[in-house]
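Colleague: Use the sequences and the hints to build the structure in full.
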Amino acid sequence: MTKTINSNTREIALGILMEIVEKNNFSHQVLNRTLGQYQALEKQDRAFITRLCEGTIERLITLDFIINIYSNVKVNKMKPLIRNLLRMSVYQLRYMNQVPDSAACNEAVKLAKKKGFASLSGFVNGVLRNIIRNPEKVIFPEEAKEPVKFLSVNYSVPEWMVNHLLSQYEYSVVKAMFDSSFEDKKTSIRCNLNQIEPKDLKVSLEKSGVKVEEGTFLPFAFQISEYNFLEQLEPFLQGQFLVQDESSMLVGVIAGVKQGDYVIDVCAAPGGKALHIAELLQGSGHVDSRDVSDRKVALIHDNIKRLKLNNITTKVQDAMKLEEESIGKADLVIADLPCSGLGIIGKKPDIKYNMTKEKITQLVQVQRDILNNVQNYVKPDGILIFSTCTVNKEENIENVRWFLEHFHFQLESIEDMVPEALRNKTTKEGYLQLIPGIHDSDGFFIARLKKCK
Amino acid sequence: MAIRNIRTIGDTTLTKKSKEITEITPKIKVLIEDMLDTMYEAQGVGLAAPQVGILKRLVVIDVSAEGDSPIILINPVIEETSGEQTGEEGCLSVPGKSGTVTRPNYAKVTALNENMEEITVEGTELLARALCHEIDHLDGVLYVEKVIGGLHKVGEDD
Numbered sequence: 001m002t003k004t005i006n007s008n009t010r011e012i013a014l015g016i017l018m019e020i021v022e023k024n025n026f027s028h029q030v031l032n033r034t035l036g037q038y039q040a041l042e043k044q045d046r047a048f049i050t051r052l053c054e055g056t057i058e059r060l061i062t063l064d065f066i067i068n069i070y071s072n073v074k075v076n077k078m079k080p081l082i083r084n085l086l087r088m089s090v091y092q093l094r095y096m097n098q099v100p101d102s103a104a105c106n107e108a109v110k111l112a113k114k115k116g117f118a119s120l121s122g123f124v125n126g127v128l129r130n131i132i133r134n135p136e137k138v139i140f141p142e143e144a145k146e147p148v149k150f151l152s153v154n155y156s157v158p159e160w161m162v163n164h165l166l167s168q169y170e171y172s173v174v175k176a177m178f179d180s181s182f183e184d185k186k187t188s189i190r191c192n193l194n195q196i197e198p199k200d201l202k203v204s205l206e207k208s209g210v211k212v213e214e215g216t217f218l219p220f221a222f223q224i225s226e227y228n229f230l231e232q233l234e235p236f237l238q239g240q241f242l243v244q245d246e247s248s249m250l251v252g253v254i255a256g257v258k259q260g261d262y263v264i265d266v267c268a269a270p271g272g273k274a275l276h277i278a279e280l281l282q283g284s285g286h287v288d289s290r291d292v293s294d295r296k297v298a299l300i301h302d303n304i305k306r307l308k309l310n311n312i313t314t315k316v317q318d319a320m321k322l323e324e325e326s327i328g329k330a331d332l333v334i335a336d337l338p339c340s341g342l343g344i345i346g347k348k349p350d351i352k353y354n355m356t357k358e359k360i361t362q363l364v365q366v367q368r369d370i371l372n373n374v375q376n377y378v379k380p381d382g383i384l385i386f387s388t389c390t391v392n393k394e395e396n397i398e399n400v401r402w403f404l405e406h407f408h409f410q411l412e413s414i415e416d417m418v419p420e421a422l423r424n425k426t427t428k429e430g431y432l433q434l435i436p437g438i439h440d441s442d443g444f445f446i447a448r449l450k451k452c453k
Numbered sequence: 001m002a003i004r005n006i007r008t009i010g011d012t013t014l015t016k017k018s019k020e021i022t023e024i025t026p027k028i029k030v031l032i033e034d035m036l037d038t039m040y041e042a043q044g045v046g047l048a049a050p051q052v053g054i055l056k057r058l059v060v061i062d063v064s065a066e067g068d069s070p071i072i073l074i075n076p077v078i079e080e081t082s083g084e085q086t087g088e089e090g091c092l093s094v095p096g097k098s099g100t101v102t103r104p105n106y107a108k109v110t111a112l113n114e115n116m117e118e119i120t121v122e123g124t125e126l127l128a129r130a131l132c133h134e135i136d137h138l139d140g141v142l143y144v145e146k147v148i149g150g151l152h153k154v155g156e157d158d
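Chain order of the listed sequences is A and B.
No gaps in the numbering here: position 430 of the first sequence is 430 in the working numbering, and each next residue is one more.
No gaps in the numbering here: position 50 of the second sequence is 50 in the working numbering, and each next residue is one more.
In case anyone wonders, no lab produced these hints; they're calculated from the structure.
One thing to keep in mind: the hints can contain errors.
Here are the simulated PhoX-like pairs of lysine-lysine, each with C-alpha atoms no more than 20 Å apart in a straight line [to be verified]:
1) A:Lys-115 x B:Lys-153
2) A:Lys-258 x A:Lys-347
3) A:Lys-113 x A:Lys-79
4) A:Lys-186 x A:Lys-258
5) B:Lys-56 x B:Lys-17
6) A:Lys-115 x B:Lys-56
7) A:Lys-185 x A:Lys-211
8) A:Lys-113 x B:Lys-19
9) A:Lys-23 x A:Lys-329
10) A:Lys-114 x A:Lys-79
11) B:Lys-56 x B:Lys-27
12) A:Lys-379 x A:Lys-428
13) A:Lys-113 x B:Lys-27
14) A:Lys-321 x A:Lys-348
15) B:Lys-97 x A:Lys-115
16) B:Lys-97 x A:Lys-114
17) A:Lys-110 x A:Lys-79
18) A:Lys-321 x A:Lys-258
19) B:Lys-146 x A:Lys-110
20) A:Lys-347 x A:Lys-329
21) A:Lys-379 x A:Lys-329
22) B:Lys-56 x B:Lys-97
23) B:Lys-56 x B:Lys-19
24) A:Lys-114 x B:Lys-27
25) A:Lys-110 x B:Lys-153
26) A:Lys-113 x A:Lys-258
27) A:Lys-79 x A:Lys-186
28) B:Lys-146 x A:Lys-114
Modeller: Right, dumping it as structure tokens:
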């Protein structure tokens, strides 16, 4: 065998893009799997591939808009390989300052030839050279004249989604949401208070070279950055913290559990909320964390072991199917349900292109079916917490209203439970909608529902 | 000590199955030395006996950057593999070309060393790839049969 040749980073990135864009696979899964296969890659090559793929996906609509200005053949008529090659090359030209324009262009031409499109390498060269030479041709839609087009092209969000959000929120709120989706994402962690005080965790993380900042709302939350392998940090191995967004920690906060409570989390994986509640129970009571598949339940199990909690168990149980033994048993039911994910498009940009109006309609129904089922588990006077990671009102407050019409529950104020910064009219009523860009967190919805006697 | 000629693709020796080695003769000792010299001279990381025209189950491998850690395997058998890696592979018998091949990311091989003592070699990543590639030669298999998406010229992408 000959010495292995350094695989071309751009070629790997192109392969990843093809998998994500043309075959509708999840970007983080494809990226992790592919980078896992190329063990021999240098660290900076991995970083380059990750940035190039994530950036191209995040800006897909914007990139297509630019390419269509310069190319006579529109993006959707191009051969898939050529279209994705152009997208990632234009991303390098417009958004990666460290890549020289000539390199982005030459590499694209070589890659077109290598992939068997020698006849189209001239076309690739032409389009890219034209973009480099005449950057002034790119004129984005005017915000004042065409606000929907402007938001769509500028923030790479499909027009139907822009319209959908504009029908529910003010223009400025929607814009702030989109703006925040491009901000650097830090990792939020929750300190495991059973093991360590927040201030000690901060010290021990900093010792490992991690940059640690305070959380936005909660005293036991931190935002960390500048680490290499989170899973190899000593405090992680010791189970001293868990990765969880602050918005999701609020579920534990407003659950208001009492010592000895019996809690069911019906869609628990990877377990952040269930584990938080087990921690709050301080070893008393019991948390029954469930999810639909072995694989998901295994995720919860790993975290339980690491955090060394003994009042929490796992179970494979489909939230859509009634489990008779649990009827009327739970002091608290956590229902963090499947949703459109419009609150986390910054972290998972694929959502912008994969979600459809039809899928949203289906999700609204799935949530209703699950709520209909799991409300049975709540004791009289017990609590049901309903949450999602979307900002779409149909899946949130409108589903709460539907629920209240059909079942004997009422909203209960969370005013005294939420951090002061988050108190508003709706928290008094019993629910909270977090909006990225307005609140410094993911988009998230929580409602506290009490079962009447 | 001699550099032997490396047979290239098209030579029928490369498609034949090799025979087990039953004893270390002086001829075999010389063959081992020559194969190591030939591999290092060609800047390869592995060479199988059929590549120098000898249909015997013998391979030499050295994946170290310094070229000072030769592994000599007589009658090697892959006992265990796991995982997956996809990457560029080239072969001294297919000069100037390379292609993408998916291989196990881990391989465990049992074999005899140059003193006919049983040894076990375990490897991940490049060593796992080299073990699989060279042992394939002993069964008349070239990596070109396993390439995903065609061969290309080396250097074209760099």
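Colleague: Which of the stated hints cannot be reconciled with the structure, identified by number in ascending sequence?
Modeller: The structure conflicts with hints 2, 4, 6, 8, 9, 12, 13, 14, 18, 19, 20, 22, 24, 26, 27, although it agrees with all the remaining ones.
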